[in-house]
Amino acid sequence: MLTRIAGGRVVDPGSKRDAVGDVWMRDGRIVAPPPAGTRPDEIYDAAGKIVMAGAIDIHSHIAGATVNTARLLLPETRRGSAARPAQTPLATAGWSTFETGCRYAAMGFTMAVEPAVAPHYALHAHLELADIPIIDKATLAVLGNDDFLLGLMRAGEGPDAVRDYVAWTLETSRALGIKVVNAGGAAAFKANVRAFSLDDVVPGYGVSSRAIVKTLQRAVHALGVPHPLHVHCNNLGLAGNAETALATIAAAEDLPLHLAHLQFYGYGKEGERGFSSAAARIAEAVNAARNVTVDVGQVMFGPTVTISSDVLRQFNARGQAHPNKWMIFDGDANGWGIVPYEYRADNFYNAVQWAVGLELFLLIEDPARVFFTTDHPNGAPFTAYPEIFALLMSRELRAQWIATLPPAAMAVTTLPSIRREYTLGEIATMTRTAPARLFGLKDRGHLGAGAVADVAVYSDEADRARMFRAAALVFKDGELVVRDGKVVRHRWGRALAVQPGHDRAIDRRLQDYYDERYGLAHDFMHVPAAAIGRPDPFEPVSCAR
Amino acid sequence: MGHAWIDGRSVELQAACAEAARLLGASRLPVIAGLGTDIGGARAAIFLARRLDAAVDHMHADVLLHDLDVVRDAGMMVTTPTEARVRADVLLLAGPLAADAWPGLATGTADGRDRQIVWLCPGRARRGARGAKVQIIGRDADDLPAIIAALRAAVARRPVGALPVAAKALAAAATQLQSARFGVAIWSAAALDALTIEMLCGLVKDLNATTRFSGLPVPPGDNALGVLQACGWMTGFPPRTGFGRGIAEHDPWRFDAHRLVESGEADCVLWISAYRPAAPPWTRDLPTIALTGDGAGFHRRPRVHVAVGRPGIDHDATEHVAAAGTLAWVAAAAPRDTISVADVLAGIAAALPGTPPC
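Note that the protein sequences, when read in sequence, are chains Z and C. Take the first sequence: its letter number 171 is residue 171 in the numbering used here, and every next letter is one higher. Take the second sequence: its letter number 190 is residue 190 in the numbering used here, and every next letter is one higher.
Derived from the structure by calculation, the hints contain no laboratory data. The beta carbon of each residue, even a glycine, is placed where N, CA and C say it ideally should be. Just so you know, not all the hints are guaranteed correct.
As the list claims (entries may be wrong) - Not the full set, but computed from the structure, chain Z residues with beta-carbon under 8 Å of chain C:
hint : residue
1    : E42
2    : N68
3    : V207
4    : S208
5    : A280
6    : D330
7    : L520
8    : F524
Said to hold, decoys possible - The calculated label-pair distances, taken between Cβ atoms and stated as ranges, are:
hint : chain 1 : residue 1 : chain 2 : residue 2 : range
9    : Z       : R504      : C       : L29       : 52 to 60 Å
10   : Z       : R29       : C       : D251      : 43 to 51 Å
11   : C       : T109      : Z       : R420      : 54 to 62 Å
12   : C       : A350      : Z       : M1        : 51 to 59 Å
13   : Z       : P540      : C       : A350      : 31 to 39 Å
14   : C       : D251      : Z       : D200      : 43 to 51 Å
15   : Z       : V201      : C       : S179      : 18 to 26 Å
16   : Z       : A544      : C       : S10       : 54 to 62 Å
To be verified - Counterexamples of contact, computed for chain Z against chain C with all Cβ distances above 12 Å:
hint : residue
17   : P75
18   : E171
19   : P416
One chain only, chain Z, in its complex shape (with noise of 0.2 Å):
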C-alpha cells in the first residue's frame, strides 16, 4: 500500500531536510516520491504541519523488575484502596506497560530504551518490554559489579577474556549495549563501603573504578558495538561531584563514552549553601571531547519516584525519600534502590538542579551529542517531555519560570543569561538522528528512503508543550497509530539487540563458574524468543560500525 502525507513541513536533519513536501510510505519503509501522477492509496493531508521522523528516548526506566518494584511500593499513585492525597508520586506518568505504550506513541515517539538490566532479570525486562504497545523497545546490560567481571580483572586476565564475556552478556540478555553503574561502587557497598569515588579501590578485588570503565569502554568498542559503553558515574547528586564528571569525562581519553544524567553530576560547592551550578565548566568539556556523547536527565517540580542501580547512592538518599518509604535491593551484581522524591519549586537545590539541566542542554553546543532524557522517572515523569521541548525553544518562557524560582538558586547558575533558543531542526537532531546513530540504527530516526516508516506529524501551534504534547498523526511501520494525541490502533513493537559474536570457551566457562558458587544451571538468564509469547519479538542491530 502507497500512502502520501501532503504538504507538510518536513523537518529531517537526517537528510538534511527542512521544506514544504511530501513523505510517501509503503509497506512499512519511507519511499522515494513516485513519479509524478501516481495515485496513492492513502493521502493524509500535513498542510499547516511539522513532519518529523519518529523520536527515539534513549534512556528511560520503563520496564523490568526495578520499575515493578516501584509500582508495588507505590500503589498510591494510581486508582487505589486507600485515600490518596491529590499530588502522588507519578500522578501524571503512565505505570502500566500498556500505558507506557501508548504515552510515548501520543507524543510521537516510536523507540525507547530501557537503560538497567541486570542479567539475571532479562528475560523479565523482555516479558515487560513486550507488553508495551506500539513503540519498537531496547535495553542495556548492566555491567562493572559483578563478581565475574571484576573476578577477570583480579586474575589479571587479558581483554579476550573480557570482550567474550561482554559479548556473551549482550547475547544472553538481548540487549543493544552496556552500561556500567557506580563502576565498583556497589560491588563496594556489599563490603560496607559508603562513598566510592572514581579511583577508590573496590575491596577483596583490589580494582579501581576507573579500571572497570576503561575496561568496559575498550571491550564494546572492540566488539564493534555501535553504542558506546554508557557510563552512570560515580557520586551522583552530590556537592561537587563536577569533579567526578569532568574527571569521567578525561578518562574517555580517545574512544567513544557516553555520559548518563549529566544533570545529576553538574554541581560545585560555591555560594553560601554550598552548591551550585558548575554546568558551565562541564558543558565546556563537553564540547572539547568531540568522542563523548551525553544525556541530561532534566528535573521538573512535582513528585516522582528515582529507580537506579546505583544502590549504595539510593541507600544513601533514603532519609530524602517522599512519602517516607524505600526499597533496598541487595542483589547479585548491582543491585537497586527505589527512593520516591518530590522536586519542590520552593526548594533552592531542586531549582538548582533544574538549572543545571536546562544549562547543560543550552551550553553544549552541538544537538548531536546532548540527548533529551529525564532520566525517567528520575528527573521528571517522561510525560514532562513536552514541557521540556517548550522550555529550551523559548528564552520568553524560561524567564517566566526563573521568575517564580528562589532567586538565590537562579544566582548561582547561568541560565538567566542564556539567550539560545532551539530551532525545530535542533530538536529533531536531538531527538530523532542523533539517538538513532548513538545506537546505530541506519534506517532509523530519518525520512530518507528505505528508512522504517516511523513517523510523526504535529500541529505547527505557538505553544510548543501542546504540539509535542498530542501528535497530530504517528504512524508505526507505516501504520496510523496515533491521531489527534489519541491511540487509534494497538499493536506489539520488537526489541532491537546486538549478536556481536563471542568463543564459545566463555559459555562453558560461565556455566562452570554458576555451577560452582550459584548451584544454578546458568541458562536461567536466557531470553529465548519463545518466552516472549509473540511472534518476532526480536530484531537484530549490525555491529559493523
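Take the given structure of chain Z and dock chain C to it, following the hints.
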C-alpha cells in the same frame, strides 16, 4: 491432547471453551481466581479479565499481601537467595518456615566462611538447620513479635521490659547480628503477620547503620511471585485487582475472590491451578470453569473442567524460579502432549463476542 468436560461429560476442547465463554460473557462480575499458572497463563488471564471487566486474585494473595503491606507502608531491604547463599555469614531466621529458603541453608559462604544462625521461635522446625551452629531464641510462634521487638530495641540500645526469653541470650544475639559482615533475615509471610514482618524489616534497616544486613522472604508456591510480577506490570497493582469500572483498581478486601464468591457478588468463577490439582476453597455453588491438573477433588463439580499440563514439567514455561530469585524459561522436565493454561484461555477469548484491543 486436552481433556475437557461439561457437567462431567467429556467434550472437545473447543466446545468447553465455547461454553466457558458463554458463562463468562453472561456474568455480571466474573472472578479469575487461583491463578496458579506460568507467566503465559497469567498474562492471558489478565488480558481476559480486562476484556470481561473481571477481578483477578491469586490463591496465595494473603501471603503476598503480608509482605506487600510492609513494602507499601514502610519499604524494605531485600536480597536474593543466590546472594544470601554465597555471602551471608549470619542468618537471622524468624519463625518456623524460615529454613525453607534453600536446601542446605547451614553450609558456609562461597569464600569459605562459617555461617552463624540465630533462629527466633523455630517451633518444631529446627531440624531444618541441623549441623549448623544455631542459637535458638524462644520457641512459640506467639512470642515472635515480642522477641523481634526486643531484639530491635537491644540493637538500638534501648531498655527492654519483661521478656519471654533470657535477656543475656538476647543481648548476645544483638551483638552477633551487629558483628555480621553480611547478615540476612529470612522469614515466610505464611507464618508471620504484616506487623511482625515490618518490625523485622525495621531491625534490618537499623542494623545497616553500622554493618550490612538484608532481608529474604521465602516465596509461596504456585508461581505466586511470577503472577505478582505480571499483574504488577500489566495493571500497576498486585492481584486482588478488578477491572469492573473500566480501569484497574486494587483493593485487597473488595477483590478477595473468597469474599466475592461467598457474599454472592461474583456470579461466575474461572479457577486456575495448573501446578497441582487444587480445588477452590469455597462451598457456595456458582457457575465455575476450572483449569487444573488431573485429580482435583471439587466440592461441587465445575460446569466446565479442562485438565491442563503442569508448567515446566509437562510443557515449557516461564515462571519465577525460587533458587534464582527471578523469572526464567524452564524447559519441560518430562514433555507430554498437554494443553497449557494460556492455550485454553486463548480458546475462551476467541469464543467471546467482539475483538480485543490488542
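Hint check results:
With a least beta-carbon distance of about 22 Å to chain C, the hint placing E42 of chain Z at the interface is violated under the 8 Å criterion. Below 8 Å, beta-carbon pairs count as interface contacts, and N68 of chain Z has one with chain C at about 5 Å; its hint therefore holds. A least Cβ separation of about 17 Å between V207 of chain Z and chain C goes past the 8 Å threshold, and the interface hint is therefore violated. Proximity of S208 of chain Z to chain C is violated relative to the hint, the smallest CB-CB distance being about 21 Å (cut-off 8 Å).
Taking 8 Å as the C-beta cut-off, the interface hint given for A280 of chain Z is violated, the closest approach to chain C being about 38 Å. Taken as an interface hint, D330 of chain Z checks out: its beta carbon lies about 4 Å from the nearest beta carbon of chain C, inside 8 Å. The closest approach between the C-beta of L520 of chain Z and any C-beta of chain C is roughly 6 Å, which is under the 8 Å cut-off, so the hint is satisfied. Hint status for F524 of chain Z: holds, given a least beta-carbon distance of 4 Å to chain C, under 8 Å.
For R504 of chain Z paired with L29 of chain C, a C-beta distance near 55 Å keeps the hint of 52 to 60 Å intact. Taking 43 to 51 Å as the suggested C-beta distance range, the pair R29 of chain Z and D251 of chain C conforms, at roughly 47 Å. For the hinted restraint 54 to 62 Å between T109 of chain C and R420 of chain Z, the CB-CB distance of approximately 56 Å keeps it satisfied. Against the hinted window of 51 to 59 Å, the Cβ-Cβ separation of A350 of chain C and M1 of chain Z comes to about 27 Å, which falls outside the hint.
Hint check: P540 of chain Z to A350 of chain C, Cβ distance near 32 Å, so the stated range 31 to 39 Å holds. Restraint check, D251 of chain C to D200 of chain Z: a C-beta distance of roughly 48 Å satisfies the suggested window 43 to 51 Å. V201 of chain Z and S179 of chain C have their C-beta atoms about 24 Å apart, which keeps the hinted 18 to 26 Å range intact. Our hint of 54 to 62 Å for A544 of chain Z and S10 of chain C holds, since their Cβ atoms are close to 58 Å apart.
Taking the minimum C-beta to C-beta distance to chain C, about 6 Å, the non-interface status of P75 of chain Z is violated against the 12 Å cut. Distance to chain C confirms E171 of chain Z as a non-interface residue, since its nearest Cβ pair spans about 15 Å, more than 12 Å. At roughly 39 Å, the least C-beta separation between P416 of chain Z and chain C is larger than 12 Å, which holds for a residue marked as non-interface.
Of the numbered hints given earlier, the model fails hints 1, 3, 4, 5, 12, 17; all others are met.
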